[in-house]
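Protein chains in written order, with our numbering: chain D, 1 to 500; chain U, 1001 to 1500.
Among these hints, one or two may not hold up.
What the hints assert, rightly or not - Per the computed footprint, the stretches of chain D lying under chain U, defined by three or more beta-carbons under 8 Å from a beta-carbon of chain U, are:
hint, region
1, 22-29
2, 221-230
3, 331-342
4, 425-432
It should be emphasised that the hints constitute simulated quantities derived from the structure, not laboratory data.
If you're wondering where the values come from, they're calculated on a predicted model, not measured in any experiment.
Cβ coordinates follow ideal geometry from the N, Cα and C atoms, glycine included.
Protein chains: 2
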Amino acid sequence: MTLNEAREKLMALQVKLAAYNHALGILYYDGATTAPKGTAANRAQTMGVLSEEVYTLTTGDETVALLEFLDAHRDALDEKERRQVELLLKDIRRMQKIPMEEYVAFQRLTTESYDVWHTAKETSDFALMEPYYEKIFAMNRKFAQYCAPEKDPYDYWLNEFEEGLDRARCDAFFDTLRAHIVPLLRAVQQKPQLSDEILHGSFPAAAQAELARRVMSVMRLDPAHVGLGETEHPFTTSLGSHLDERITTRYVAEDFSSSLFSVIHEGGHALYDTGSDDALAYTALDGGVSMGIHESQSRFYENLLGRSRAFCEYLFPVLREVFPEQLAGRTAEEFYRAVNRAQPSLIRTEADELTYCLHVLIRYELEKRIMAGELAVHDLPREWNRLYKEYLGVDVPDDRRGVLQDSHWAGGSVGYFPSYALGSAYGAQFLRRMRESVDVDGCLRRGDFAPINAWNREHIWQYGCLYRPGELFRRAVGEEFDPTVFTSYLEEKYSALYGL
Amino acid sequence: MTLNEAREKLMALQVKLAAYNHALGILYYDGATTAPKGTAANRAQTMGVLSEEVYTLTTGDETVALLEFLDAHRDALDEKERRQVELLLKDIRRMQKIPMEEYVAFQRLTTESYDVWHTAKETSDFALMEPYYEKIFAMNRKFAQYCAPEKDPYDYWLNEFEEGLDRARCDAFFDTLRAHIVPLLRAVQQKPQLSDEILHGSFPAAAQAELARRVMSVMRLDPAHVGLGETEHPFTTSLGSHLDERITTRYVAEDFSSSLFSVIHEGGHALYDTGSDDALAYTALDGGVSMGIHESQSRFYENLLGRSRAFCEYLFPVLREVFPEQLAGRTAEEFYRAVNRAQPSLIRTEADELTYCLHVLIRYELEKRIMAGELAVHDLPREWNRLYKEYLGVDVPDDRRGVLQDSHWAGGSVGYFPSYALGSAYGAQFLRRMRESVDVDGCLRRGDFAPINAWNREHIWQYGCLYRPGELFRRAVGEEFDPTVFTSYLEEKYSALYGL
């Protein structure tokens, strides 16, 4: 095999993997959006077969020989090829360590489990999910031990979602957040509360969908490549390449801000993915590099931009056009204060910017304890409810609004949650740096996202997975990660809002 | 390899093929329903890769050896296994004769072409489609020559869609139809015309969707396994097995009968597919056996049942509930006469039962001549328009309502159209036989499809592809195919309607 032949084979391999990921992605998307209710087993069967094909392709002798050959000649490769080989080899080394039957069984399990979760949540029936969670946590532990027997299993998964992360760093990070957010929240709660009355009323789904389309357009999401669907739990997915992206939302009839901010959040994910350099399409470098960086973008658009005074001033006249009767006599300032009301609550995805990280912290603590064998799945609801009372002071009335609210565990992901809080903190540092060259507030006030998107594209999006998250971060902001930039931002914003 | 090992491998092979078909099917469905406009190239790339995988799997040495081994031991197999081996070997023999690059290129071509067709139809731009049609007809000719060099290429494709069919039989069949339908239509046209005014007005899509759901429920389509989507051109597709079926429709705001009858038509296809014995799932025998039998079911529900006086009497009160203002003061008899008005028109899918087969005849003649090299693709619009004038007496105002109206050629299918007319004729014979044991009109008047569906399931659906179409037909009706049963049915129905 000559080096050039190997290079061509590397590209062909990646194109094939992209096709399988496209197929698996669209099957998942179909299941979450339009598939008839009784078709999950059929879909799980197909996804199982395709996962098996991916497994065989990835761990096959030919693939391994190709990548080892390329790795041995890494000095002759360009930067992109080197990183492609590195990422693919990392996947292979992991897959080689997981027996195929277990790998495929896990795909089937999570497809089925995700489906059952819909019913369990609807009926607030934790017992229905318990056996699935049992198996999913057990298999996550097992896979971690296969792949990195020297590591703590939860450390393994934290590092999978965010290269470089482990419990020690995560503990330190959350300690910083807690040390600043808990007293800030306490101070806020001693002040007269902001009203969010303006957000409540009756908002027909069709009008909310129209608002979603307008917001996506303001964010400069390309409608030729980014679709919008409806699901119980909003998400974003790339299909085959960054050229086909789907985001979803959920329309809550009595509160338009739920869908509005979920669209901005998922729209941030979609901007990041679709912002990959076109030359990365169908390669292992296409799309976002880590969950932390991904959430830094989604929460950047949702909160740092979306809940800013400048953007609220721009958006309010649009809202008045879409909901003329519901918002008659209201002001932009009322809207700004409503979407920034700090209010300990039950649902993470609808939490305000200040209390949000406490929701994440609870999930982090629970995951960590289950993975360490210190907490049984059976006791999850009790512990969930206890921590919500302790950190947020709220009583959880049922599991639907408690431990069953998120789809992550049902979908097989353990170790994902910390990314949300990390991403929030990354974003504050990105914003501080961006402000040095972009008049962010001016742009937001005009609804002109072009200069903001251009900065993100130049410093983050275009690279896809070329750099590791830590390196990408340092290149973009020119300094180390410092969560106090985020907590200072919160302190400043909420002090002004609440007159502390 | 022992026989039992081979049997297990046969099942595993079929399960794998079903999974790929599921993936290809959902990619197609996504493209036709919800995918953003600019994603076709991305999807074509993925479908190309997956088609290549199917090709490699199907024609690989291991598969060929397995099937030849089983074929050599066919006497030891049960009836189902024998037919599975026969069908799979037939596919392999065909694929082995088509070079892989050309097979994959054809998949890519038709994915792209189907996408371009949407734009071409919208803008009535035949020139846009011309190069695609050129290539598609050329590749159909070429593939036929690869597969059956001794056969006329169009005969090859007719037989692919309906085993046993060729131009000679098709000519004879259409001659019979023409000999009865043309004079009948002439006689009808000399009488005062029926009014279809009742069908026209303003019918919101949401209400039409509600009607679609109610009609699907009356037909006893299982909502847990049959979904409804919206597309430019209605279609039905099975995903992975008969346990996940999707039908689509199109809502025309000014005429509710368009969507109503397309739903009943596609619902007939879906009943047939989902009626396969569950033991056939994931095998080569799952779902309908041929396009002719498939259309016999869709057109059976659409016309023989759907446009019968008995069903119209049942349906009218439902229509009144869904469209109370639009249908105020109307009667079931008016509705019955409106949906049976014989009126030469432009659009096949919206044609009445009497003129419908003339639309099919035109397509048959055009395909036959193009495949024989007697007609150039470039001249298709001119010839289309000339034949519409000759057979139906209508002037085609633009290609959107002319040669660009159907998606079949754009999707790569040549030789499909005759199935529609064949199916109509098969259905009339099924109905005559069914009436011997089922009080069809009584059932329809009560909206009780259970006994009708039970007859179809017993005699047709349950078998999937176990019997060849001709054998299935003879087993069900106990006699040979006779198109005059259909023409007599038309003569009787239209004589009564028009007082001939």
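**Message:** Using a Cβ cutoff of 8 Å, are there at least 3 residues of the region 22-29 of chain D near chain U, or does the coverage claim fail?
**Reply:** The restraint on the region 22-29 of chain D holds, since 5 of its residues have a Cβ under 8 Å from chain U and three suffice.
**Request:** Go check the region 425-432 of chain D versus chain U for me, would you? Three or more residues, Cβ under 8 Å, otherwise it fails.
**Result:** violated (count 0)
**Message:** Between the region 331-342 of chain D and chain U, are there enough contacts, at least three residues with CB-CB distance under 8 Å, for the coverage claim to hold?
**Reply:** Coverage by chain U is violated for the region 331-342 of chain D (0 residues, Cβ < 8 Å).
**Request:** Can you take a look at whether the region 221-230 of chain D is actually covered by chain U? Rule is 3+ residues, C-beta closer than 8 Å.
**Result:** Per the Cβ count (7), the hint holds.
Hint compliance for this structure: hints 3, 4 are broken, all remaining hints hold.
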